[in-house]
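Participant: Here's the letter readout for the chains.
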Amino acid sequence: MKGMTVIVKTITRWVKVFIFLYGVYIVLTGHLTPGGGFAGGVIIACSYILLTLAYGKEFALKRLGPRTTAGLDSGGALLFLLAALLGLGYGGIFFANFLQKRFPGREFQLASAGIIPIANIAIGLKVGASLFLIFIILSILRIVLDEKGQQSMVQHWPEGKGEE
Amino acid sequence: MGTETILIILLFFMLAGALIAVETKNLLSSVISLGAIGVGSSVAFLFLMAPDLAIVQIAVEVVLLIFLIRGTIARDVIPQRGHIAWGALAVVVVLLAGLLAFGTYAFRGIGRFGQPVISAVQEAPSNRYLAEGVRETGAVNIVAAVILDYRGYDTLGEATVLFAAILGALTILRVKGFTKGGQR
Amino acid sequence: MLYTLCFALFLVGLYCVLTKKNTVKIVIGLGIMDYAVNLFLVLLGYRHGGVAPILDRSTNPVDFAARSVDPLPQALVLTAIVIGLGVTSMAIALCIRLYEKYGTFDVTQIRRLKG
Amino acid sequence: MSSFLPPLLVAVPLGIAFLIPLVARRLERLADALGSLATLSLLAIAVIMFPLRGVYRIGGWNPPVGINWVLDGLGNLMLVVVNLVSFAATLFSIRYMERYTAKPRYYSLFLLMVAGMNGVILAGDLFNLFVFLEIASVASYALVAFGGRHEELEASFKYLVLGSIGSTLVLLGIAFAYAVTGYLNMASVSTAIAGRQSSPILLLAAVFFIVGFGVKAAVVPFHPWLPDAHPSAPAPISAMLSGVLIKALGVYALSRVLFNVIGVDRAIATVLIAVGTLSMVVGVFLAVGQWDFKRLLAYHSISQMGYVVLGIGLGGYILAIGGARSSAALAMLGGLFHLANHSVFKSLLFLCSGSIEQATGTRQLKEMGGLRERMPLTRVTCTIASLSIAGVPPFNGFWSKLLIVIAAFQAGFAWLAAITILVSLVTLISFLKVLRYAFLGTLPKTLREIREAPALMSLSLVLLAVLCVGMGLLLVPAVRGLVLDPAVAALSQGLEYARVVLAGQ
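Residue numbers (the numbering used here), protein chains in the order written: chain A, 1 to 164; chain B, 1001 to 1184; chain C, 2001 to 2115; chain D, 3001 to 3505.
The hints are simulated quantities; they were obtained by calculation from the structure and are not laboratory data.
Careful: at least some of the hints might be erroneous.
Claimed, not checked - Lysine-lysine pairs mimicking DSSO-like chemistry, simulated, CA-CA at most 27 Å apart:
#	chain 1	residue 1	chain 2	residue 2
1	D	K3445	D	K3366
2	A	K57	B	K1176
3	D	K3433	D	K3366
4	D	K3433	D	K3445
5	A	K9	A	K57
6	B	K1025	C	K2021
7	C	K2101	B	K1176
8	B	K1176	C	K2020
9	B	K1025	C	K2020
10	A	K16	A	K57
11	C	K2101	C	K2020
12	C	K2101	C	K2021
13	A	K62	A	K9
14	C	K2020	A	K57
15	A	K62	A	K16
16	B	K1176	A	K62
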């Protein structure tokens, strides 16, 4: 996949930053405004998907390879589980929002609501990474088919590239 | 125009989209109609005062359409064909029509639209979330308070489903299932 | 009326899954069913003249509790959307794989298993 | 209750499943060790917390507000069974899964499936039950397709489609229950329903629950995915699917919702009896004609699940018509005991089929023969399991079937008892065929060089075989009062469940 025309690339270069930042914003303020970890994560994934579609897979994969993505995916999930287990460790109860009880922040502040923002970040990380990952695997497969022509139905993963 | 009227129009639009998605011979139109239904439900969420859901729905919709189009559509240019088993079709249609009729009758057991069950049941957990949520969790977005604190465990489950699905897709799409000499 | 229409949407999806012979169509049918159930849940929580379940600085908390729509179905649907996305992605992956093996999305040409 | 044990049942498998892709991407040995250690520790936790009863409030929120777990006799029994079979399956996987690529990912998915099942069993909240049902289902869809060959992908697709319909119906049922009551917590829903007379919307919800969980349990009208999915999966996964998955997601969830939330009346109990009998008969007659070993086993799973549903349904029926509590308890005891027994012997049979397949490279009974010389251990364990499933004394299957037959007689359903015995005979014939074609006869030339299964695989076979022989001891009154009776009590208490749970605050 070579990517798209110059116009698309130029626009993407500007737009992707905003999409990405919007995603981050939605993740961070999930406890104050509509949105949250999941919505933000999907939007972050969208910014990378846009990049891949516009510039071609090599460009995007150089920045965020499948291995890193898979790592972020597991890492996000682990972080969330850890937050829940910390509740077990500190408060004696699974999923206890121990931070909120210890440091009750002011309402409407960014630093409020205890573990909720942390959980939002974990979910944002996890969702963004996993959606981009599945996009990569679904689309790389497609590319291989293109190169080998429509007739070859048995695909091969490019050695050393992509997933394992 | 009341919310109810708007929603009825929207639902008719979605139903039409669904029928097109189901019956069209062209897979691309079918997928695009699915997208239209998704956008329809996102707009419906806005009217139903669910901004969180509207954002998530529209974002998921976009991603899903990309997956469907890039993953599948370009591969099958031949429109679907084949004979139709009219007998089985008739049975299914009758069955579903019966279900629809019974459902319409049964839905009288639910309160009318616009009068949620939480108005009737004062002890319902939702009322507690609305009244005490901000104080108890510190989050002013009550939906966030519910998914990440009161019902945070569900959200862990949700993240796990996604994790399992991604891992599953990776597993299914791997080149070789067996090691050398593994498969006789 | 609204509930019935929503249920009809669900049944259209079910009809699609039960009768169509194309794997992609079946996945689309599953998607329609998901949308219908999600919308149904949110419809249940709506209150006439309701506000979104997000407190803002200008609203009196007591007034808010009496006027807000039900937040619980929204939380459930948020979870259900993600689950639906996961299942659908996996279904697409399976479709792709089946296509590679058989060169078609048509179930009638795929059926190798007996019974 | 504030024990730290229950959360570990979910947190340990999830944590290790998340960890494996991070630390053991290429290190298969590490993944082996992590997988087996995880299931072993889960088994230990499940056994230690067996006597634990009560309500665990997640996040510290009281029941209707937050999500809660309920530990009672039935749930704890299921937890031990599930984690026992998963330990045997992971032990078996260490060597068996060497044939496949991406072994670390296999363990990850496996543990996710176990976490899902544990979550379903612990759940005291309808929506939470749905979420963990989906975790276990999604992981199992992927595991069925693990080999990536034609029939595996197809079976997985079929399973995914039917399974998703089932899950969506369950979700819709939950939505109806919420619309009527305003609660999601099982106990609160149950109290809210108990106060009003039955309405069509609740009937629709009950129907959707029966169909939805019925698909997961693969009882007869909803069974078509099972004979494809179970044989296609790798052997340890077949053992998990047939052994515990259809029970935890299907029968357990169904009986929990029907008995403890909605309440079993005469109509529902009749439906359960009908479905159970139908599964029993149809499954066994479809099984007799099979020559593919694993496919045959899969059809027998449908039939044996019929026994379980029949036993539970019969108990519900007797209670609903106000019959003797003792015979109701006997029927449920039979059903639940058979559930535990079936988990053990069916997973043993699938593991045996795995070790035969690994040695001979075939699943077709006609291509085997004379394996008794080359695989004596597999032969012995397979024979024990076959006699168990056919209900030959003194193996465990006999006792549970006997209880169901006695209960059917006591309830005045002599014809049901007759059908049960008849199905048992056909099962025996079917398994005599298996033993005859696989282990007796002459060894084909091509199979002269085969060897017995490796030590670790044999170990897990022996473990399960010993249980098959020994599980009859659970009926000894003292042991029974400790293990099985609390499970029966949890079901037969019916709607009392709500009072017990809500009183625990």
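Participant: Confirm or reject each hint.
Facilitator: Now the hints, each set against the structure:
1. K3445(D) <-> K3366(D): Holds - the C-alpha atoms of K3366(D) and K3445(D) are around 14 Å apart, at most 27 Å.
2. K57(A) <-> K1176(B): holds (23 Å)
3. K3433(D) <-> K3366(D): Judged against 27 Å, a Cα distance of about 10 Å means the pair holds.
4. K3433(D) <-> K3445(D): holds (21 Å)
5. K9(A) <-> K57(A): Holds - the C-alpha atoms of K57(A) and K9(A) are around 13 Å apart, at most 27 Å.
6. K1025(B) <-> K2021(C): holds (12 Å)
7. K2101(C) <-> K1176(B): holds (13 Å)
8. K1176(B) <-> K2020(C): violated (30 Å)
9. K1025(B) <-> K2020(C): Holds, at about 11 Å.
10. K16(A) <-> K57(A): holds (15 Å)
11. K2101(C) <-> K2020(C): holds (20 Å)
12. K2101(C) <-> K2021(C): Holds, at about 17 Å.
13. K62(A) <-> K9(A): Satisfied, since the Cα-Cα distance of roughly 17 Å is no more than 27 Å.
14. K2020(C) <-> K57(A): violated (34 Å)
15. K62(A) <-> K16(A): Holds. K62(A) to K16(A) sits at ~16 Å (cutoff 27 Å).
16. K1176(B) <-> K62(A): holds (25 Å)
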